Amino acid sequence: MLKYTLKRMIGMIPTLIIVVTFVFFFIRLIPGDPARMIAGEQATLEDVEAVRENLGLNKPIYVQYFIYLNGLLHGDLGTSLRTKRPVAQEIASRYVNTMQLTLASLAWATVVGVLMGVWSGKHRGKWQDYTGMTVAVSGISVPNFWLGFLLIMLFAVKLRWMPTTGAGSWRNLVLPAITLGTSIAAIIARFTRSSIIETLKEDYVRTARAKGLKERAVLWGHAFRNSMISVVTVVGLQFGFLLGGSVVTEQVFAFPGLGSLLIESVNYRDYPAIQSLILIFSLQFLVINLLVDILYAVLNPEIKLS
Amino acid sequence: MESRKNILEVKNLHTYFHTSSGIVRSVDGVDFTLQEGKTLGIVGESGSGKSVTALSIMGLLDDTTGRIEEGEILLDGRDIVPLSKEEKRQIRGNKISMIFQEPMTSLNPVMKIGQQLTECILQHQKVSKDEAWRIAEEMLRKTGVPRVERMMKEYPFQLSGGQRQRVMIAMALVCRPRILIADEPTTALDVTIQAQILDLMNNLKRDIGTSTLFITHDLGVVAEVCDEVVVMYCGRVVEKADVYELFAHPTHPYTKGLLHSIPKLGERVDELEAIPGNVPNPKYMPAGCKFAPRCAYATEKCHQAEPAFTDLGNGHTCRCWLCEKGGMA
Amino acid sequence: MSQKEMNPKDTKESMQNEEIRTPVSEVIRKFVRQKNAVIALAFVLLLVVFAIIGESVAPYGINEYDYSCILQGPSAAHWLGTDEFGRDLFSRILIGTRISLSVGLSAVTVGMICGTILGLLGGYYRGMVDAVIMRICDTLFAFPGIILAIAIVAILGSGLGNVVIAVAVFSTPTFARLVRSRTLALKNAVFVQAARNLGASDARILFYHILPGALPEIIVQYTMSIGSSILTASSLSFLGMGAQPPTPEWGLLLSNGRNYMMTAFHTTLFPGIAIFLTVLSFNLLGDGLRDALDPKLTEG
Chain Y
844 MLKYTLKRMI GMIPTLIIVV TFVFFFIRLI PGDPARMIAG EQATLEDVEA
894 VRENLGLNKP IYVQYFIYLN GLLHGDLGTS LRTKRPVAQE IASRYVNTMQ
944 LTLASLAWAT VVGVLMGVWS GKHRGKWQDY TGMTVAVSGI SVPNFWLGFL
994 LIMLFAVKLR WMPTTGAGSW RNLVLPAITL GTSIAAIIAR FTRSSIIETL
1044 KEDYVRTARA KGLKERAVLW GHAFRNSMIS VVTVVGLQFG FLLGGSVVTE
1094 QVFAFPGLGS LLIESVNYRD YPAIQSLILI FSLQFLVINL LVDILYAVLN
1144 PEIKLS
Chain B
271 MESRKNILEV KNLHTYFHTS SGIVRSVDGV DFTLQEGKTL GIVGESGSGK
321 SVTALSIMGL LDDTTGRIEE GEILLDGRDI VPLSKEEKRQ IRGNKISMIF
371 QEPMTSLNPV MKIGQQLTEC ILQHQKVSKD EAWRIAEEML RKTGVPRVER
421 MMKEYPFQLS GGQRQRVMIA MALVCRPRIL IADEPTTALD VTIQAQILDL
471 MNNLKRDIGT STLFITHDLG VVAEVCDEVV VMYCGRVVEK ADVYELFAHP
521 THPYTKGLLH SIPKLGERVD ELEAIPGNVP NPKYMPAGCK FAPRCAYATE
571 KCHQAEPAFT DLGNGHTCRC WLCEKGGMA
Chain A
8 MSQKEMNPKD TKESMQNEEI RTPVSEVIRK FVRQKNAVIA LAFVLLLVVF
58 AIIGESVAPY GINEYDYSCI LQGPSAAHWL GTDEFGRDLF SRILIGTRIS
108 LSVGLSAVTV GMICGTILGL LGGYYRGMVD AVIMRICDTL FAFPGIILAI
158 AIVAILGSGL GNVVIAVAVF STPTFARLVR SRTLALKNAV FVQAARNLGA
208 SDARILFYHI LPGALPEIIV QYTMSIGSSI LTASSLSFLG MGAQPPTPEW
258 GLLLSNGRNY MMTAFHTTLF PGIAIFLTVL SFNLLGDGLR DALDPKLTEG
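Going line by line, the protein sequences match chains Y, B and A.
So the first sequence is numbered by the numbering used here: it starts at 844 and just counts up by one.
So the second sequence is numbered by the numbering used here: it starts at 271 and just counts up by one.
So the third sequence is numbered by the numbering used here: it starts at 8 and just counts up by one.
In short, the hints are calculated from the structure, not lab data.
Owing to the predicted nature of the structure, the values given are computational and were not obtained by experimental measurement.
We treat Cβ as the ideally placed atom computed from N, Cα and C, and that holds for glycine.
Wrong hints could be hidden among the right ones.
Taking beta-carbon pairs under 10 Å as the criterion, some of the chain A residues facing chain Y (in silico) [unchecked claim]:
no.: 1; residue: T146
no.: 2; residue: I153
no.: 3; residue: I154
no.: 4; residue: L163
no.: 5; residue: S241
no.: 6; residue: G258
no.: 7; residue: F272
no.: 8; residue: T275
no.: 9; residue: L276
no.: 10; residue: S288
no.: 11; residue: D294
Only chain Y is shown next, with the shape it has when bound in the complex:
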């Protein structure tokens, strides 16, 4: 198990290097003179030179790359052009909010999605299945920013149960988490359903029935755990979707997280911040995928014991 985990971590290294390299070249892909773009149209020649100096753009590219890597290893993500503060600090102050939002969304989406999927799969072709799958296909089709506004209108403006915007208490998390989690719950439900249907056709499920086990024991004891092995992979992939969705959701609820920081930075053309945020988002995605691989092994004794 430890060996497997290590192997997975080592396997991530090439992707990690490519991602970091990609992000490094990102700032250099801006058409024209990056320093001029960053400094702005009204900037004087001195301003542009100052930016160039500041970002180290006047040095040879391999030196720049080395400086960048060295900075990363020391937790230095550069200085924000917008706030003139270290980007690392900016990110740190927003990180917790986004983490809370994504985890809350993922938690409810997984529970609801899995239960709905099992329910639909168990009653394949009956009204329960049609209901569940109609809800699910609607869930993946609804624009989450629109859903967010509907929720604000209903629960914050009309019913006044929840605050409209902001962060800080759990009440601020409820509506954004519903907004963000809906499509994930729907995707998990659809996948769980087909996985359960496939698993229920397996020979060992027939064996379990032949033993005279109660249908509930057959479903949860034999079919469920096996179908979860493929479901966790999907949940992991959806996490990326969730990170992306958080950008939109945070914008709707004026939620001070990484997503809204990204939008602010893009609007301000704050390239060091954009660069670091993209890096953070993809690192998080990679870490989640590692966790998924480990969870996959925990569920699968053949990998766990090898």
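Go by the hints and put chains B and A onto chain Y.
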């Protein structure tokens, strides 16, 4: 012939599958009787309805489109067809249990062997977990596997195919059922292991006092384990006899065909005879004798009307026009 | 194609038994049985019609200002109400159909063509080509979709054209992986081996023998991707990175409407319904096609 108690009687069983393109009559009027302590073989090609017969007896048709349309299945004289789902569930694994063809996929890959063995006991008997564990270990030991204690804590992927089938046998017998249905239990195994598993089943059957319904396409296996044989073709029984009688005097052309297609030990054969043609599409059955299109002796009559059973004496019956007019063929 | 050549032997036997069903009519039969998918197809066709003739049937022009009736709710004169400049919302949504559909379609089409070619090459030639292609796909997968799109838009600048590029880039690896795995499976199929033994060129094998085998899955993925691409594109416009005012792009209409959410909620509500129904119908259509094309899903 000694008279024994009939433990299982199948009478006029019809099991049909309802598909969107029509009804498939997988089992279409099957009768047979299993006597206490005996082994009854059901022989036929794939598609003959032998496995569907087994699933009908087990009450495992629920998640298919199949239904028992007509007929009775008497377990100790009581018809189990009209029972509720819950009552059928209580019989399964307890009074009637089943071993399947594929030992590699019939065990749950993420559950330990011990747990898979004990859950059956805990479902049907009022015993503690420790007691169930002890019963399971004892049964597993009887199947002759090595290092029982360790195997109880292992996963199926850690066992060989033969070991898995022994586990399957232990699992089927752990509640000491009245009837064991074995559906091609040795087909997926190596020939050397096949013989061991057959021996084991014979021994355990005697030990526990279970009667067996042995489903196979392999007449060699039938000769080894069965007391009586039912030959099925296209959802019907075509011939029924004592095992010695059947091998000595096969009467139905289909049975003869099956016997000719197995090599005999010590006999030099240049060519094995295969039965020409294929099993007909179940949606488009021939009007007369179902075997007529493949039968070398078929006459005009065979194509037009289906023969009834002819009693050949000694419990030997056969469904063929040839034996009807000519008596013993 | 290859199926037709292989069939005659079988048909002789099955002729007496059942009417011959060609694969295409079988797929159509299975598709038509699914009511949801048929309705979705009808709706998609309706959208296509709107996209083509929207401008000539819309009751008002997209930039027809009328300051005498700003932010009014639905009425006989303005079916879906008006916006802050008194422009007719129904006309703007109707004409905007063309933008949303063409952004979704063009982005996914580009992504599908690139992904399919990469997948065929990787799966067929393996080795270095495959390793490089798959490594690029892995890297693209390491960035969450919208984040990647935002990154690309941040480099190239806002605008619908750049949104199309961004969405095309992140839909490419999905197609590449899908086609690659089908190619790996089909590469050793008997009919492909036979074609190779008969001296068919690699290009012929890839496009005449392997590609048709991967087609059903590509079609399903294509349909589903159009839905999600329309969602992504409208999200980017909502974030201010896609279409710019006064383009009647649905995401932008919605983003604009939220400034008046408290007083005129219809400006937020209706563009959202348009996006929702469009994406929903593409997803239902995709589901229907998958069920109709999937040979694994047997009847009953």
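Evaluated hints:
{"no.": "1", "hint": "T146", "result": "holds (5 Å)"}
{"no.": "2", "hint": "I153", "result": "holds (3 Å)"}
{"no.": "3", "hint": "I154", "result": "holds (5 Å)"}
{"no.": "4", "hint": "L163", "result": "holds (8 Å)"}
{"no.": "5", "hint": "S241", "result": "holds (6 Å)"}
{"no.": "6", "hint": "G258", "result": "holds (7 Å)"}
{"no.": "7", "hint": "F272", "result": "holds (6 Å)"}
{"no.": "8", "hint": "T275", "result": "holds (5 Å)"}
{"no.": "9", "hint": "L276", "result": "holds (8 Å)"}
{"no.": "10", "hint": "S288", "result": "holds (8 Å)"}
{"no.": "11", "hint": "D294", "result": "holds (7 Å)"}
Going through the hint list in order, the structure satisfies each hint without exception.
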